[in-house]
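Chemist: Take a look at the letters that make up each chain.
2 protein chains.
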Amino acid sequence: MNKDLLTLLQPEAARIDDTMGHEFEAIGNSLLSEVIHYALFNGGKRIRPLLTVLCASLCAIEKIPEGFAAEEDLEAPEDLYRLAAVFEYLHGASLLHDDVIDHAKTRRGKPAANSVFGVTPVILAGDFLHARAMTLAGEIGGVRIQAAIGGAITDMIEAEFLQMQTVGEKRLSEENYFAVLRGKTASLIGTACEVGGLFGKGGDEKQCAALRLYGDALGLAFQVVDDLLDYLGDEKKTGKGVGNDFLEGKMTLPLIHAVNNAQGEDRTFLLDLLDQEKDKRAARFEEVRMMIEKYRGFSYAREMAETLVETAVEALDIFQESRTRQVLTGLSQYVLNRQK
Amino acid sequence: MNKDLLTLLQPEAARIDDTMGHEFEAIGNSLLSEVIHYALFNGGKRIRPLLTVLCASLCAIEKIPEGFAAEEDLEAPEDLYRLAAVFEYLHGASLLHDDVIDHAKTRRGKPAANSVFGVTPVILAGDFLHARAMTLAGEIGGVRIQAAIGGAITDMIEAEFLQMQTVGEKRLSEENYFAVLRGKTASLIGTACEVGGLFGKGGDEKQCAALRLYGDALGLAFQVVDDLLDYLGDEKKTGKGVGNDFLEGKMTLPLIHAVNNAQGEDRTFLLDLLDQEKDKRAARFEEVRMMIEKYRGFSYAREMAETLVETAVEALDIFQESRTRQVLTGLSQYVLNRQK
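If you're matching them up, the sequences are chains A and B in order.
For the first sequence, my numbering assigns the number 966 to the initial residue and increments by one for each residue that follows.
For the second sequence, my numbering assigns the number 966 to the initial residue and increments by one for each residue that follows.
In short, the hints are calculated from the structure, not lab data.
Check the hints yourself; a few may be wrong.
Copies of the same chain look alike in the list, so a pair counts if it fits in one copy or across any two.
[Claimed, not checked] Below, simulated SDA-like cross-link-like pairs (lysine to any residue); rule was C-alpha separation at most 20 Å, straight line:
#, residue 1, residue 2
1, K1215, T1085
2, K1245, H1068
3, K1305, L1194
4, K1201, G1074
5, K1070, T1085
6, K1166, E1104
7, K1135, Q1228
8, K1205, V1292
9, K1171, V1278
10, K1259, F1234
11, K1166, G1107
12, K1205, N1226
13, K1070, V1084
14, K1166, V1108
15, K1215, D983
16, K1305, S1138
17, K1259, D1044
18, K1166, D1199
Produce the complete structure using the sequences and hints provided.
Modeler: Now the structure itself:
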């Protein structure tokens, strides 16, 4: 199903790529244009814009009078794709600035933009994408959609500050972990879904709220699974090393659960190790993994992801059965079962 | 007149400061809030928001039926101040990112934000200001105003790229110099004026275009005068060292004019010196200043600034005489005659 699902969505993703290509044709400066193309066309799956388009379709289907046009005949307008692509620009802008902040060397297996072009063009290209994205959001979506998107950006930034201020906090609470996830990942995905509902007055208030809930839960589940893969993933499939989060001292749900539930010397072992240098932590990663297993950190995180996906799927209950709804349900299963 | 003018505008500037203070009261994260306050409340004269408010008043005056309310009784709505302050947020965001890019140590005599808080919070706070500014522009101003502001931001960034790509170009053309100025300085100031006209449908198309022209010309004049002060200013008044532009190898109008007009060994002297190390250039700064004088680089730039200010003043001719128009005319004289 998963592979089929992505194949099924391939033409939509290609149309989004097409739209994105046209949007930046008019950039006068060749270097700016190069940085932006490097940042945007990097083999991304276009999940956020796809969600916007699918959620808009879901609301459009609700309006088909019985016996009239079939779901397959609904033609989404070009403007919807242009609006949907805004989420890719914002995502791209935020990755550009993140890579500068983290001094990243690579991104998706390619050299990171900052190591190709240097810091200055990358900061500025991020700002440019940001400004274009907000302008397009207003021009195509109107003030309400633009305000929703503006809110998602400020959520992301506030969450980055929260994360920055709790770096090195070994006793991080689950609440704090989820607060960061909500701001950094879930808010933009939830907004991508909500905006699909808001587009062209497609959905009513209840439908838009349901789509937002679906996207928020999907985004949280996505990140929890990501955090699980960092401990349990197959490097050949994920394409990234296992154990990075622990080596960097990043507290994610499996470890948080283990630290909060471990007793006596097990707890001391974990907390002491988190104080050690990176190479010391690396040497004992296998033991840590076993310790998290012992305190059910992985199954706890797994169950959390499952619950979130259930929440996402249930949020769609208010929509009638349709192929589009099946695709959205399928996407949430994909998020849960992905191995990369 | 100049001092009187700024004193006259002091209550307006204070009201803008007040509005700015309220706008960011709701930031949840204390560090983010601190960075933003540090960046915004630094003794700036609030010229851009003042221009928005004044231009909006100018259009409102046009609508007073003869014999009715006096100009002094016009009360600008709170929303106009909130919209006007957007230009201060954008200006602030751009300074934050510029200081990171330039590894700046100081800004307006205080430690630069990046040297107080570090690079990460400053990049993120710039993004936050940016997002809030665009959202406010849409919410208060509507789609047209928001698009104008979005265009000003992308102009600024394209100009930064143009400047980046011509760094070290000793034979920089005047055309290139003005293209950078237009994007980096004039576009945002022109937009601040235009938005005053667009606010609440205050001005018609012709009036908005006139205000834009006024602001563009004022912005260009401002920067040309800035470049003159860098050679001829009194350090005690400007508060910054003289000759910085030449030491950094930055080609500004007086020097561009001199290089383009110098002959024989004078020309060779200038071009060779621009290839030398910074300390070599510093040692011969006095000679350079005399050489620019010899080829009338300063008077050329001065006349250019005067012409630009005339253009700005003439653009206001379509408006009836009023105190507000006098203030705007006075501001352009202030830009021309300022010594800091």
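Chemist: If a hint holds in the structure, say so; if it doesn't, say that too.
Modeler: Structure-based check of all given hints:
1. Within a single copy, K1215 and T1085 get their C-alpha atoms only as close as 28 Å, which misses the 20 Å cut-off; across copies the closest is 17 Å, which meets it.
2. For the homomeric pair K1245 and H1068, neither the shortest alpha-carbon distance inside one copy (23 Å) nor that between copies (35 Å) is at most 20 Å.
3. For a Cα distance limit of 20 Å, the shortest separation of K1305 from L1194 inside one copy, 7 Å, qualifies, whereas the shortest one across copies, 58 Å, does not.
4. For the homomeric pair K1201 and G1074, the shortest alpha-carbon distance inside one copy (13 Å) is at most 20 Å, but the shortest distance between copies (54 Å) is not.
5. In this assembly of identical chains, the alpha carbons of K1070 and T1085 lie at most 20 Å apart whether taken from the same copy (16 Å) or from different copies (17 Å).
6. When the C-alpha separation of K1166 and E1104 is checked against a cutoff of 20 Å, the pair qualifies both within a copy, at 15 Å, and between copies, at 18 Å.
7. Taking the shortest alpha-carbon separations for K1135 and Q1228, only the intra-copy value of 15 Å comes in at or below 20 Å, while the best inter-copy value is 70 Å.
8. Taking the shortest Cα distances, K1205 and V1292 never come within 20 Å of each other, neither inside one copy (28 Å) nor across copies (62 Å).
9. Only within a single protomer do K1171 and V1278 lie at most 20 Å apart by alpha-carbon distance; the minimum there is 15 Å, versus 54 Å between protomers.
10. In this assembly of identical chains, the alpha carbons of K1259 and F1234 lie at most 20 Å apart only when taken from the same copy (13 Å versus 77 Å across copies).
11. Proximity of K1166 to G1107 under the C-alpha cut-off of 20 Å is found in both arrangements, the shortest distances being 11 Å within a copy and 18 Å between copies.
12. Neither within a single protomer nor between protomers do K1205 and N1226 lie at most 20 Å apart by alpha-carbon distance, with minima of 29 Å and 59 Å respectively.
13. In this homomeric assembly, K1070 and V1084 come within 20 Å of each other (Cα to Cα) both inside a single copy, at 12 Å, and across copies, at 18 Å.
14. For a Cα distance limit of 20 Å, the shortest separation of K1166 from V1108 qualifies both inside one copy, at 13 Å, and across copies, at 17 Å.
15. Neither within a single protomer nor between protomers do K1215 and D983 lie at most 20 Å apart by alpha-carbon distance, with minima of 37 Å and 40 Å respectively.
16. In this homomeric assembly, K1305 and S1138 never come within 20 Å of each other (Cα to Cα): the closest approach is 27 Å inside a single copy and 52 Å across copies.
17. Proximity of K1259 to D1044 under the C-alpha cut-off of 20 Å is found in neither arrangement, the shortest distances being 52 Å within a copy and 59 Å between copies.
18. Taking the shortest Cα distances, K1166 and D1199 never come within 20 Å of each other, neither inside one copy (44 Å) nor across copies (60 Å).
In terms of the numbered hints stated before, the structure departs from hints 2, 8, 12, 15, 16, 17, 18, listed from lowest to highest.
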